[in-house]
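Engineer: My request is simple: use the sequences and hints to build the entire structure.
Here the sequence shown stands for residues -21 to -1, 1 to 191, where the numbers follow mature numbering (1 follows the signal peptide of the UniProt record, and there is no 0).
The hints are simulated quantities; they were obtained by calculation from the structure and are not laboratory data. Where a beta carbon is used, it is the ideal one built from N, C-alpha and C, also for glycine. Be aware that one or more of the hints could be misleading.
Claimed, not checked - The calculated label-pair distances, taken between Cβ atoms and stated as ranges, are:
1. H55 with P109: 41 to 47 Å
2. D166 with T2: 38 to 44 Å
3. T188 with P53: 48 to 54 Å
4. G10 with P63: 24 to 30 Å
5. P109 with P53: 38 to 44 Å
6. G111 with P165: 20 to 26 Å
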Amino acid sequence: MRAMGRRWALWATWVAAPAMALTLDDVAREGELRLLAERPDPGAYRYEADVHIDAASLEQGLVTMRTCHRQLDPTHRIVVAFNPQRVRRIDIASVEGVGRAWVEGRRVELADVQRGAQVCIDLVSQALEPDGPDRWRLHAGPLMRRYLDGYLPMEATLHVRWPPGLLQVTGTSPAPQPGVELSVRPDGGTLHIIFAGRLSATWGLQRPTQPH
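Structural biologist: Pasting the structure below:
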């Protein structure tokens, strides 16, 4: 498996055999993206990200986050690489079921990965981009679970948090539909996506409108 990063999220490129038997209908081809109402392989690999935005983030574009890869397949080596133009800091927060983990430049390397292993990584990243007056866009992806010449199903849970009243969600891409669930709160939101293929997701954010 090789995982690579762009903006604040990671590629998850899978080359180990899947934990459960899947049919060809479950595998997305190159250039294809399938949103899935439910997973055909529950309990397999999933990706989680927890992003924190504060008032300084709106000025500087810097956010802090924790990204976790869970239920990894067994493999000798994994490299999680990040965009050197965006990522400012990388720290390994925790590992389970991994023989060795270390930071090398702008990447995290894992050796002797057991089935069901997981790794969580803390980041500071230039992830937030202005999108007009009092508007911003947060990017996630591309996310993928590569297998041979296709993509296996995976799920991604993307949490975004901020101080209550700082921001509100104007929309997401992909929008809510079967396979995509969005929940919003005064202090953030959560986007949960089940898919096969190569996915790039975005959050539209703005300052709350003031009542007249």
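Engineer: Lying within 48 to 54 Å: is that true of the beta-carbon distance T188 to P53?
Structural biologist: 51 Å, holds
Engineer: So the hint says 38 to 44 Å: do the beta-carbon atoms of P109 and P53 match that?
Structural biologist: 43 Å, holds
Engineer: Determine whether the Cβ-Cβ distance between G111 and P165 falls within the hinted range of 20 to 26 Å.
Structural biologist: 22 Å, holds
Engineer: At the C-beta level, are H55 and P109 separated by a distance inside 41 to 47 Å?
Structural biologist: Roughly 42 Å apart at Cβ, these two residues keep to the hinted range, so it holds.
Engineer: Are G10 and P63 spaced within 24 to 30 Å by their CB atoms?
Structural biologist: Cβ of G10 to Cβ of P63: about 27 Å, so the range 24 to 30 Å holds.
Engineer: Assuming the hint says 38 to 44 Å, is it satisfied by the Cβ distance from D166 to T2 or not?
Structural biologist: Holds, at about 41 Å.
Hint check: no violations occur; every hint is consistent with the structure.
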